[in-house]
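Student: Please put together the full structure from these sequences, using the hints given.
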Amino acid sequence: MAVEVWLLITVVLGFAMAWAIGANDAANSMSTAVGAKAITPKQAVIIAGVLEFTGAYFFGKSVTETIRKGILDPTMITDPNVLIYGSVAALLAATLWLIIATKFGLPVSTTHSIIGGIAGYGIVYAGTAIVNWGKMTQVVLSWILSPIVGAIMAYFIFKALTKSIFERRDPVRSARIWSPFWIGLAFVVIGTMFYIKVLHGKDLKTGVFMYGVPLGIVVFFVTYVLIKLRFPSSDPFIGVEAIFRKVQVITSGYVALAHGANDVANAIGPVAAVYAVATMGLSGMQVPVPKWILALGGLGIAVGVATYGYRVMETVGKKITELTNTRGFTIDFSAATVVLVASWMGLPISTTHTVVGAVIGVGLARGVKAINKNIVRDIIISWFITVPVAGLISAAIFKFLMIVG
Amino acid sequence: MQVWTKLFAKSPFKPLIKHSEVVLNTVETLEKALQRWYDGDYEEMRKIAVEVDRLEDVADRIKEEIRDSLSSKLMMAVAREDVLIYLHMQDKVADAAEDTAKWLLIREPGELPVEVKEVILQMGMESIKAAKLVHEAIVQMDRVIESGFADGEISKEYEIIRQIESVENKIDGLDTKLMQLVFENAEKLSWGDGFYILNIARTLSNISDKAKDAAERIRLMMNK
Numbered sequence: 001m002a003v004e005v006w007l008l009i010t011v012v013l014g015f016a017m018a019w020a021i022g023a024n025d026a027a028n029s030m031s032t033a034v035g036a037k038a039i040t041p042k043q044a045v046i047i048a049g050v051l052e053f054t055g056a057y058f059f060g061k062s063v064t065e066t067i068r069k070g071i072l073d074p075t076m077i078t079d080p081n082v083l084i085y086g087s088v089a090a091l092l093a094a095t096l097w098l099i100i101a102t103k104f105g106l107p108v109s110t111t112h113s114i115i116g117g118i119a120g121y122g123i124v125y126a127g128t129a130i131v132n133w134g135k136m137t138q139v140v141l142s143w144i145l146s147p148i149v150g151a152i153m154a155y156f157i158f159k160a161l162t163k164s165i166f167e168r169r170d171p172v173r174s175a176r177i178w179s180p181f182w183i184g185l186a187f188v189v190i191g192t193m194f195y196i197k198v199l200h201g202k203d204l205k206t207g208v209f210m211y212g213v214p215l216g217i218v219v220f221f222v223t224y225v226l227i228k229l230r231f232p233s234s235d236p237f238i239g240v241e242a243i244f245r246k247v248q249v250i251t252s253g254y255v256a257l258a259h260g261a262n263d264v265a266n267a268i269g270p271v272a273a274v275y276a277v278a279t280m281g282l283s284g285m286q287v288p289v290p291k292w293i294l295a296l297g298g299l300g301i302a303v304g305v306a307t308y309g310y311r312v313m314e315t316v317g318k319k320i321t322e323l324t325n326t327r328g329f330t331i332d333f334s335a336a337t338v339v340l341v342a343s344w345m346g347l348p349i350s351t352t353h354t355v356v357g358a359v360i361g362v363g364l365a366r367g368v369k370a371i372n373k374n375i376v377r378d379i380i381i382s383w384f385i386t387v388p389v390a391g392l393i394s395a396a397i398f399k400f401l402m403i404v405g
Numbered sequence: 001m002q003v004w005t006k007l008f009a010k011s012p013f014k015p016l017i018k019h020s021e022v023v024l025n026t027v028e029t030l031e032k033a034l035q036r037w038y039d040g041d042y043e044e045m046r047k048i049a050v051e052v053d054r055l056e057d058v059a060d061r062i063k064e065e066i067r068d069s070l071s072s073k074l075m076m077a078v079a080r081e082d083v084l085i086y087l088h089m090q091d092k093v094a095d096a097a098e099d100t101a102k103w104l105l106i107r108e109p110g111e112l113p114v115e116v117k118e119v120i121l122q123m124g125m126e127s128i129k130a131a132k133l134v135h136e137a138i139v140q141m142d143r144v145i146e147s148g149f150a151d152g153e154i155s156k157e158y159e160i161i162r163q164i165e166s167v168e169n170k171i172d173g174l175d176t177k178l179m180q181l182v183f184e185n186a187e188k189l190s191w192g193d194g195f196y197i198l199n200i201a202r203t204l205s206n207i208s209d210k211a212k213d214a215a216e217r218i219r220l221m222m223n224k
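Those sequence lines, one after another, are chains A and B.
Heads up, the first sequence is in the numbering used here, so the first residue is 1 and it goes up one at a time.
Heads up, the second sequence is in the numbering used here, so the first residue is 1 and it goes up one at a time.
It is possible that part of the hints are untrue.
Said to hold, decoys possible - Taking CB as the label site, the calculated pair distances span:
1) A:Gly105 / B:Glu44: 54 to 60 Å
2) A:Gln43 / B:Glu21: 30 to 36 Å
3) B:Glu44 / A:Gln43: 39 to 45 Å
4) A:Val140 / B:Asp68: 55 to 61 Å
5) B:Ile17 / A:Ser234: 21 to 27 Å
6) B:Asp41 / A:Ile238: 43 to 49 Å
7) B:Glu21 / A:Ile144: 53 to 59 Å
8) A:Pro290 / B:Lys18: 45 to 51 Å
9) B:Asp68 / A:Gly105: 20 to 26 Å
10) A:Ile385 / B:Ser72: 23 to 29 Å
11) B:Glu21 / A:Asn374: 27 to 33 Å
12) B:Ile17 / A:Asn374: 24 to 30 Å
13) A:Glu65 / B:Ile17: 33 to 39 Å
If you're looking for bench data, these hints aren't it; they were derived computationally from the structure.
Cβ atoms here follow ideal geometry from the backbone N, Cα and C, with glycine treated the same way.
Tutor: As structure tokens, this is what we get:
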């Protein structure tokens, strides 16, 4: 078969995978806001669709590069067909495993699946030496660390948030000052990430002090004035929740953006690899990911949100009754920060698992009334089995394609 | 993949409050029955006392439902054992109210000395006050969790618990007074009258006893 045909096949597979990510994962990114009744499922679909696309298109590049050429040593692949069959095998394996796992109700990560798939075909082709174990260790470590960091961060943010607002002698007064502070802080991170991801700034310090902090301060004053003019209630609990309900729409959007930036790579990393081979041959390893592929992934995710994500969000909206707006804010803020920092470092981490970590963090701070321990256990199990299982499936498909092709 | 819908387990607190509402309803109905009893309107009293029995059944059913849903697979803001024992105690409050209603239904009191009737009514009112405070305490507990265990909300909760304990103390005093009254009026009362009176008193003070036990559990929930 001609290389162009294979490219077309990977484009279709990549789009399907992006659709699946949009249908399931992306819906999760807005779940806190829907669960806390800050927005309706319909609004969530629109916001998530737009922001996931934006995240994927503008910020998805560095993680895509890791998936494309960071996991396997490119110099060890001498036959262009290997890269093509391997990418197809990895995509197919990840999608298959996602379908199987979904059937059994296992919450598996798309990120873990695709990396398992890539490692799987690589090992079959050239043995374990082809895997960039340094990068792989870093990636796996980030999977373990990101939920833990998410949990620790959410724990302290929630503690600090309640201490600064609800525990004061005059809660309404402290809510007026501290709510803008927390909202401002969220925007410090958003601003910093804007500098790094959109403007491709390299210096974190510049990002924090030139973009993050000024934006945070502006947001602080704007919110301060708005709240001063009209605090929604004389009851600090109701008042604070009402304020955070509005802010939560923004922080949830921030999670959607971060998710798009990080997870688009799972679908289009392999597509980009095949594209490079198709246009440049093996020297294509040096070619950057073209914008249209990022757009393809972003569009796939957005379509997934629009066509199927709606149903997911509706269930979520009905089921999560335990989430107040301050908790939703804490979870969003912590998870998005961890995911964005990771995607800035080019680490493909699992958004879902980071969010789960943040939920547990709020739970440990005694903020969430009840968490299902079984699900937490299932997630941990899925970490350990996803990579090898996706790897095995991918290896089998790859072997088959090598023989047939 | 929809981790979200599964990760959050159903919190036991809303159902606990629902159960508490029924218990509150039970004791409030008993309060009405007791008032009729004191006024001598026995026919009306009977109707209300039967309602107490029915409400206690409703509370029982909710209790079973909560127990079934509280598996050990939950990570909760409070210990599961505390919740279960608390639920048991809260349910006992309704049980005690039902016991009193049964004694009220068992016979017409005939001519009891008015001071005896007064002490019983007073005991009833106080005991029921304790039960009402338990409802306040569990609603406040929900708020304690809502606030992320804020000190201010915890101290409000302690204040309610303290009130329950002081009401219970008062009833112990009334109980002694009633026993004395029964023996002072020994000539005017039959053996059956005495038995009847002391049992009503025992079941009434049971209401506040159980209310106090429930309050104790709430205290434990806060210092995990």
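Student: Are the hints correct? Go through all of them and say.
Tutor: Outcome of the hint check:
Separation of Gly105 of chain A from Glu44 of chain B is about 57 Å and conforms to the stated range, judged on CB atoms against 54 to 60 Å. Separated by about 34 Å at the C-beta atoms, Gln43 of chain A and Glu21 of chain B satisfy the suggested range of 30 to 36 Å. Between Glu44 of chain B and Gln43 of chain A the beta carbons are some 55 Å apart, a value that contradicts the proposed interval 39 to 45 Å. In this structure the hint that Val140 of chain A and Asp68 of chain B lie 55 to 61 Å apart at CB is violated, the actual value being about 40 Å.
For the pair Ile17 of chain B and Ser234 of chain A, the supplied restraint of 21 to 27 Å holds, since their beta-carbon distance comes to about 24 Å. Under the hint 43 to 49 Å, the C-beta atoms of Asp41 of chain B and Ile238 of chain A, about 44 Å apart, fit the expected range. The beta-carbon spacing between Glu21 of chain B and Ile144 of chain A, approximately 45 Å, falls outside the hinted interval of 53 to 59 Å. A hinted range of 45 to 51 Å is violated for the C-beta pair Pro290 of chain A and Lys18 of chain B, which are about 58 Å apart.
With their beta carbons about 22 Å apart, Asp68 of chain B and Gly105 of chain A fall inside the hinted range of 20 to 26 Å. Range check, Ile385 of chain A to Ser72 of chain B: Cβ separation about 25 Å, and the 23 to 29 Å hint holds. For Glu21 of chain B and Asn374 of chain A, the hinted distance range of 27 to 33 Å is satisfied, since their beta carbons lie about 30 Å from each other. Checked against the hint of 24 to 30 Å, the pair Ile17 of chain B and Asn374 of chain A passes, with Cβ atoms roughly 25 Å apart.
A beta carbon spacing of about 53 Å between Glu65 of chain A and Ile17 of chain B contradicts the range 33 to 39 Å that was offered as a hint.
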